[in-house]
Amino acid sequence: GAGVSQSPSNKVTEKGKDVELRCDPISGHTALYWYRQSLGQGLEFLIYFQGNSAPDKSGLPSDRFSAERTGGSVSTLTIQRTQQEDSAVYLCASSLLAGTSYEQYFGPGTRLTVT
Amino acid sequence: DQQVKQNSPSLSVQEGRISILNCDYTNSMFDYFLWYKKYPAEGPTFLISISSIKDKNEDGRFTVFLNKSAKHLSLHIVPSQPGDSAVYFCAASAGRGHGGTSYGKLTFGQGTILTVHP
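Residue numbers (this note's numbering), protein chains in the order written: chain X, 1 to 115; chain H, 116 to 233.
Simulated from the structure, these hints should not be mistaken for lab results. Please note: incorrect hints may appear among the correct ones.
[Claimed, not checked] In silico DSSO-like pairs for lysine-lysine, Cα to Cα no more than 27 Å straight-line:
no.	chain 1	residue 1	chain 2	residue 2
1	H	K186	H	K120
2	H	K120	X	K57
3	X	K57	H	K152
4	H	K171	H	K120
5	H	K120	H	K152
6	H	K169	H	K120
7	H	K186	H	K152
8	X	K11	H	K186
9	H	K152	H	K169
[As the list claims (entries may be wrong)] Covered stretches of chain X, as calculated for chain H (at least 3 residues, CB under 8 Å):
no.	segment
10	36–49
11	65–71
12	92–103
[Stated by the list, open to error] Distance ranges between label pairs, derived from CB positions:
no.	chain 1	residue 1	chain 2	residue 2	range
13	X	K17	H	P197	31 to 37 Å
14	H	I133	X	T115	18 to 24 Å
15	H	N142	X	Q83	24 to 30 Å
16	X	V74	H	Y154	24 to 30 Å
Please read all numbers here as calculations on a predicted model, not as lab measurements. Quick reminder that beta carbons are idealized off the backbone N, C-alpha and C, glycines included.
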């Protein structure tokens with residue numbers, strides 16, 4: 001079956017512009033996670049969804065970052081007024097249910113470059 | 116505050132030899148540990164995990180060892196193969212046995228680039 005897909009694969013944007021990153025999880029997976037990997041860093045947790053609700057938004061770096069999930073499926077991560085420090089690879093993962101007993105399957109990521 | 120650390124950015128090993136990747140953590144609440152493998156332009160894929168109630172878990176060529184008193188875990192790959200060349204991430208979670216909003220959230224190390232030479 002299809003894995004987690006993300007679009008676009010690459011995005012170059014000018015500082016100050018808004019961007020939207022999309023994640024299509026594996027069908028039937030109720031939990032969805034967003035992480036980002038900055039240069040030379042590990043993956044950093046941003047937000048997680050259980051269904052359409054986000055019980056944990058603790059990793060969002062600022063109020064310029066927001067995410068939503070509709071229909072228990074597709075999720076979009078929006079970054080407003082992008083800054084150069086937002087440049088990173090943004091990774092989405094999904095799992096059947098939330099919890100460490102359930103493997104998280106990652107998408108290939110969106111590489112965001114803010115110029 | 117880096118709660119999970121992989122202090123070796125890279126490791127080079129000869130084919131057939133053992134690869135040992137190390138990981139240290141600081142958060143005593145972590146009770147589940149995972150290793151992920153990542154190839155370029157792909158997302159990380161799960162490799163092996165270990166619960167804090169164990170000190171060893173083995174799956175084929177891959178073995179993970181956990182030393183809770185030292186807050187240290189390691190991944191052993193033996194024998195190493197050129198196809199094992201990738202970035203390896205250590206990750207930890209406090210999800211098991213804990214409720215609350217962090218359930219399933221993974222905290223990752225910085226990664227170690229493993230190169231296995233033929």
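For this session: Below or equal to 27 Å on CA atoms is what counts here, so check X/K57 against H/K152.
Result: holds, 26 Å
Exercise. Does the structure keep H/K171 and H/K120 at a Cα separation of 27 Å or less?
Worked result: Measuring from Cα to Cα gives roughly 20 Å; hence the hint holds.
Problem set entry | Restraint status (C-alpha distance of H/K120 to H/K152 at most 27 Å) | Holds - the C-alpha atoms of H/K152 and H/K120 are around 16 Å apart, at most 27 Å.
Exercise. For the segment 65–71 of chain X, do three or more residues have a beta carbon lying closer than 8 Å to a beta carbon of chain H?
Worked result: Result for this restraint: violated, n = 0.
For this session: State, for the Cβ atoms of H/I133 and X/T115, whether the hinted interval 18 to 24 Å holds or is violated.
Result: violated, 44 Å
Exercise. The segment 92–103 of chain X covered by chain H? Criterion: 3 or more residues, Cβ-Cβ distance below 8 Å.
Worked result: holds (count 8)
Problem set entry | 27 Å Cα cutoff - pair H/K120, X/K57 | holds, 23 Å
Exercise. Taking only the CA atoms, is the gap from H/K186 to H/K120 under or equal to 27 Å?
Worked result: At roughly 11 Å apart (the allowed maximum being 27 Å), H/K120 and H/K186 satisfy the hint.
For this session: Go ahead and decide if the range 24 to 30 Å is satisfied by the Cβ distance of X/V74 to H/Y154.
Result: holds, 25 Å
Exercise. Does H/K169 lie within 27 Å of H/K152 when you go C-alpha to C-alpha?
Worked result: holds, 22 Å
Problem set entry | Beta-carbon spacing of X/K17 to H/P197 - inside the hinted bounds 31 to 37 Å or not | Taking Cβ atoms as reference, X/K17 and H/P197 lie about 42 Å apart, which means the hint is violated.
Problem set entry | Holds or violated: H/K186 to H/K152, with C-alpha atoms at most 27 Å apart | holds, 21 Å
In summary, the numbered hints that this structure violates are 8, 11, 13, 14.
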